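Chemist: Chains as they are written, first to last, in our numbering: chain B, 13 to 367; chain R, 13 to 367; chain D, 13 to 367; chain H, 13 to 367; chain L, 13 to 367.
Calculated from the structure, these hints are not laboratory results. Hints are supplied without guarantee of correctness; some may be wrong.
Pairs of lysine-lysine, PhoX-like flavour, derived with a Cα cap of 20 Å [claimed, not checked]:
(1) Lys362(R) / Lys214(D)
(2) Lys296(R) / Lys365(B)
(3) Lys363(L) / Lys365(D)
(4) Lys152(B) / Lys35(B)
(5) Lys365(D) / Lys214(L)
(6) Lys35(D) / Lys81(D)
(7) Lys214(B) / Lys296(H)
(8) Lys14(R) / Lys231(R)
(9) Lys81(B) / Lys14(B)
(10) Lys128(R) / Lys14(R)
(11) Lys214(B) / Lys363(H)
(12) Lys296(B) / Lys231(B)
(13) Lys81(H) / Lys35(H)
(14) Lys296(R) / Lys296(D)
Fair warning: this is a prediction, and the values are worked out from it, not measured in the lab.
Spelled out, the chains give:
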Amino acid sequence: MKLFRKQYNQPGTRPGVINENNKGELTLSVFDYNANQLVERHDATAEQCTAHIHNDNITWVHVQGDPDKVTLTQLASDFGIPELLIEDVASMGQRPKIEMQEEQIFTILTLPLQTKEGVSLQQISLFLMPNTVISFCGGKFNPFAEVNSRLSAPAGRLRKRQADYLFYSLVDTVIDWGFPVLENYADRIDATEDLLLDNHDKNILQKIHSLRREILILKRQIWPQRELINTLLRDDISDLISPDTKVFLRDCYDHCISILELIETYHEMTNGLMELYMSIVSLKLNEVMRVLTIIATLFIPPTFVVGIYGMNFSQSAGPLSMPELYSPYGYVGVWLIMLGMIGGMLLFFKKHKWI
Amino acid sequence: MKLFRKQYNQPGTRPGVINENNKGELTLSVFDYNANQLVERHDATAEQCTAHIHNDNITWVHVQGDPDKVTLTQLASDFGIPELLIEDVASMGQRPKIEMQEEQIFTILTLPLQTKEGVSLQQISLFLMPNTVISFCGGKFNPFAEVNSRLSAPAGRLRKRQADYLFYSLVDTVIDWGFPVLENYADRIDATEDLLLDNHDKNILQKIHSLRREILILKRQIWPQRELINTLLRDDISDLISPDTKVFLRDCYDHCISILELIETYHEMTNGLMELYMSIVSLKLNEVMRVLTIIATLFIPPTFVVGIYGMNFSQSAGPLSMPELYSPYGYVGVWLIMLGMIGGMLLFFKKHKWI
Amino acid sequence: MKLFRKQYNQPGTRPGVINENNKGELTLSVFDYNANQLVERHDATAEQCTAHIHNDNITWVHVQGDPDKVTLTQLASDFGIPELLIEDVASMGQRPKIEMQEEQIFTILTLPLQTKEGVSLQQISLFLMPNTVISFCGGKFNPFAEVNSRLSAPAGRLRKRQADYLFYSLVDTVIDWGFPVLENYADRIDATEDLLLDNHDKNILQKIHSLRREILILKRQIWPQRELINTLLRDDISDLISPDTKVFLRDCYDHCISILELIETYHEMTNGLMELYMSIVSLKLNEVMRVLTIIATLFIPPTFVVGIYGMNFSQSAGPLSMPELYSPYGYVGVWLIMLGMIGGMLLFFKKHKWI
Amino acid sequence: MKLFRKQYNQPGTRPGVINENNKGELTLSVFDYNANQLVERHDATAEQCTAHIHNDNITWVHVQGDPDKVTLTQLASDFGIPELLIEDVASMGQRPKIEMQEEQIFTILTLPLQTKEGVSLQQISLFLMPNTVISFCGGKFNPFAEVNSRLSAPAGRLRKRQADYLFYSLVDTVIDWGFPVLENYADRIDATEDLLLDNHDKNILQKIHSLRREILILKRQIWPQRELINTLLRDDISDLISPDTKVFLRDCYDHCISILELIETYHEMTNGLMELYMSIVSLKLNEVMRVLTIIATLFIPPTFVVGIYGMNFSQSAGPLSMPELYSPYGYVGVWLIMLGMIGGMLLFFKKHKWI
Amino acid sequence: MKLFRKQYNQPGTRPGVINENNKGELTLSVFDYNANQLVERHDATAEQCTAHIHNDNITWVHVQGDPDKVTLTQLASDFGIPELLIEDVASMGQRPKIEMQEEQIFTILTLPLQTKEGVSLQQISLFLMPNTVISFCGGKFNPFAEVNSRLSAPAGRLRKRQADYLFYSLVDTVIDWGFPVLENYADRIDATEDLLLDNHDKNILQKIHSLRREILILKRQIWPQRELINTLLRDDISDLISPDTKVFLRDCYDHCISILELIETYHEMTNGLMELYMSIVSLKLNEVMRVLTIIATLFIPPTFVVGIYGMNFSQSAGPLSMPELYSPYGYVGVWLIMLGMIGGMLLFFKKHKWI
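Isolated chain B, as found in the complex (with noise of 0.2 Å):
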């Protein structure tokens, strides 16, 4: 996950002006139904979409992938996007946001995905509009896939409502991405904890320090949404919401808190599994210098002692050179002395328990 991830342009520039970098790799779904029939077209061009906007169905168009300045300039005219918020949608790894207006609710938000290199962070961009939805998803994986195909079920809530119901399930859909995200970080702290406790692993220390630096990342991410959701909720919120998907919005707020707070959760859990190594370091240290100084101890003395008795002191130099050399009891005395030390070493670490 990389620490800095926004698009910007030359400080200075035009607000408006769209980032001509992207590549423009996408597929356009759309989606026109009411609650009898539903007309679902995929790899659809950007005419074919706009074709249903003047009916009284309710549209979706669901843009997957890295739109190109020409798609983005059409489709901003036809459904009537202002160029603010054009700019925003393509220009990727933005804030999460909302902008309410008389007739359009938009708002960008960020999906977690966890794939098998790591979690991944896409921007969603959701436009509603009277009887239309338009969403913008970045990268290959299609979050929707649920929402489609709940969508051809004749008798579902989804196809009875209005937009807003629609809209309502992408930004559940979107938030509730971050469940499997963080049931899988939440495997990974037991994981490294359980590593930390029992074993050694050279790369644990990198490990835990990628932990806490993916979900301080995550976090910043996912913290915005909070008041973005909130922003829905509110009273005074343009009619483009009704008091029913109200309802339902209230439960997605409440996934959004509880995500936010487990997040918090695990960032402190990291912090603590950081001082958990260290502290395991020092005690490793500790019980290796304690290995060191009982050997160290027991056999520096007497090697002191042997060291003395292999001096050349010449015995015919006089009667005070190293006459223990030539007593019939000096090896034995020289035994008892060295065994004397070490048992007197051995009771002192007995004593302060490093044995």
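Starting from the known structure of chain B, fit chains R, D, H and L onto it as the hints suggest.
Modeler: Coordinates of chains R, D, H and L only, in the frame set by chain B:
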């Protein structure tokens, strides 16, 4: 205690879908009472429970255990509970929440229980409707046994008052189960502190870490309950809760805050214990190193000296070849030099307060 | 100071049940006064106290010690105190709180006392009713002795004003007992700091830890009093407290905030002391290790050299077998080599600023 | 980056006194435009600037550099700027602030710039008056070059709109200059992280510390800008800013919050890096100590053994005087003992997972 | 700087009692002025001061030093100051506070002063009444000397405006004395940082700790002043402060916030310095240990080898008794073995990047 406890459906699923994993090991109890009479039925069926709805008495249905989809659906339709709320009842590991409607108050609480294996967290769901209270409690332990027995006393306040007072009693009981849990944590913190300061225990690091982890998870689960009870106390709440009962709820709110402040204090205490542990480890390392340094410093220099006079330079090579070996006071002189070295070291150590 | 001090009943118990553990060692005092006269009675009975209610004078009943159920129940019925409040009075270790009713203000405060054994926390309960104040204080020490003696002065403001001024004086006295406690903590922090920087004390770690622990518990007990006094200052409060007395309460509020800010500062200071302690321990370890390294580095290489020339390779084996031993300058040469080694080491240490 | 950057007068000095230290190296530019025409003059004098005030076109005066007292006083009197504000313009190192009056909005912003020597902070002062904008920018770099060139395009929105849109464009430009700075910090943090985990660099500690210091100072300077732009967005603000322009300012506010959240994240990241660094240092110490302990433990005991048989106890002293030396298998036996010792050690190390 | 600085009376004492410990070393100055004339009297008596009250001019009484009970009581009665406020003036070490009444504004401020011995905190008490300002300043240093001299200028704004402008000037001066103090702290922090990174200083730990302690105490004293000045800016404040003066007070408020943000930044900086210090200590320990390990590892094994060939096993005991000693290449072979050992070690160290 698990880090991630929430049961969730696949993102995009229709709201209100009940998780079908539940085994449905449950017992139903129903209490139907007024000031004059009490009908009490345990191990009831769902039909028996609903039979008690349409009279003027107060009906309390208590569902203990893990309710299956069929029972939940039937209770929901009999008592008029919305499907979104029934989904919440069915999926364990929810964040405490409250939903207020004209004729219904729904709340999810977390019940902390001190068991022999440690602290367990159960989800309690409570519905308050006119003359009716429905309670769901996971697990096998019935936390409301004391309330049951109070119902038997005809003169008790519980029998004389309305359903809101029963509802308050259940909420209060759930909150108060936090006190024995926290008393136990205080004992564990104190015990760990004593262990830390008095003695050496290999597993103390794990103990501190799991204390911290448990308190962190507990805090996350209990924290939202404060806001929840505060909501019940608001003036503009539905008429289901009478001002008389609010006096008691305010007392319950005080208990809730006491518990949260204790958790906060314990959280800081466990952080302090971790720091204390690391200080003690550093201190012990210091002591070990001091012993090693003293031993090495006392014996390494004399060992070098005795090594010198163990060299075999031949007397025959000339007068500069180790003449000390042939001096009558050589051996004594070497001893004096070595004792001088050791004495100097001891003075140095005294000066630096190492011995 | 105990971590968990609250006395609580079994969860689910009826609210208002008085804990029966209390031994009931208590003394009752009653003061009945107006600007002109003062009746003072110590060691009174509950009946004597209630005899003073129904006149126009101001009545102050002070209960010192551990009140039993009988006395509490009688006082409650005589003075019209609700049973929920009497339960709070009876169970020690409560969080400071305030309850305001039409004709009654009830407040629980925490009195910190500096005793020889350390700081103790007592629970103070105060009732303000028209012309009546009732105060309960745990333990044996009467914190209101100074107020008693002020009552004797006929010209004093205390005698001329209403019951609310007496109530204020009691609250203010309880708050102000925090100052000697905090002054004492400041002294202990300063003493610990000096000990840390000047000298070596085995128990200093325990001292810092218990300072931190006590300040943490104190903070938790004092913190709610700020909000409590703020409630008394609100404009829309019952008429029991006159605007004139609020001027004095505002002064009391300032004292309360001063105390909280001091506690906050001490809390940060003790955290800083713990960090300082760990830095000093690390620093000392560093110094010890430097000495060890210097000694070992100076003597280990020359010891190796003298070992070489202590080998017994036979001169008779051939010309490559230790010819140095038979050179006339061999011994001198070895000394030069060793001195060179030691000199090189000393230069290395100088360069690295170790000596 | 300096910790203390504010220029201040002697305490007690009359407010509005302009610091006379400034050298007055400045260039004045003036732009006088409407939708149809543009007059642009660089290196103008103060008189030339004021000549453009009294027409209906929009006038933008840009002061680049370090304005002296004379120029400031003249501009102030010509454009009617209060002396308190001119003092703020003249003293560098101010906190970002906004002053709103009936006919004038004054704001001080901080411009972060990525230069080759590191990040520099410039003070930008902006005045918005009817049809007039005055901007002051310290240093030599003109951050508004892009805006200048946009002014040349006759069809551009900048030319068609009022002075408030120009004012917004300048504010937005200043805010957006934060993005390249933060992108650079992200790169530096990532580079430091890689350095930490892969390799050993002596200066890495200094690098982390200066990163943390810079981000801390940056945070302090940028933080007030959030509130400042929020003030511009308030409904009840003076008529100088039209609702149309507020739509753009809201976009600018989002950028400002993005930047602050990034700074906050980087702040936490650098704290995490410091902790990571200390963990790695501890880990390396541990590894070094393990090697030392293994070496010492393997060789110290056998060295003691060989020392024993280097003693010179005389065979002639008696049968207890080192009989091993004369046994035909003595030497081989000693080798076996020593190999046994070493083997035992190696098993011990294997068991403790040290090798 | 003392941790506990508040002078307090025995708990329970009547409010308004003036501490009698003060020695009463004070000087009184009185200024009586309007736009046309100025009467200035230093070393005045209390009577001389009160003589200036009842005219239409503005009267400023400045009390420098430690006022005794008599002077305070007289000033209080002459100028109509309530006794609660006079108690605050008399007891030093108060928390900054503000008291607003119909005809009187009272405020206590903390004046930080940079002296040669370090930073000292003085208590400033200010009274604003119609046409009258009274100021009390502890210590000997008069912080208002600059204001005094500005009063002498007849054309100055100070002479033309009302008492509220004088009051503002005094408040502003007290706040602004914070800047030199903070500039000095910035220098001390920078100096400590340089010392830390460049060199080794025994007392650096104490320096960092006392910096942190001082900044913590300063923060506590300055913090309440922000709220205090904010109170003066409120719209509904008494008429004593005119809207014209509020423009200046807003400037003063900005200064106050600048100072608090600087203190906050310094607080974080000193925490960072402590961490940096501990990292450097760890790093140095690491380096020392590496040297020790290299030395020991290089020499301990060869020392063991030379020990082997210093053993005295008798050649006569048999052919297995140290035959190497009698081989013509034995000595050379031992050297080769030892050089091989040392070379292997050096390769190992190179691989682990220790040398």
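Chemist: Taking the earlier hints as the rules, which of them does this structure contradict?
Modeler: 3, 9, 12
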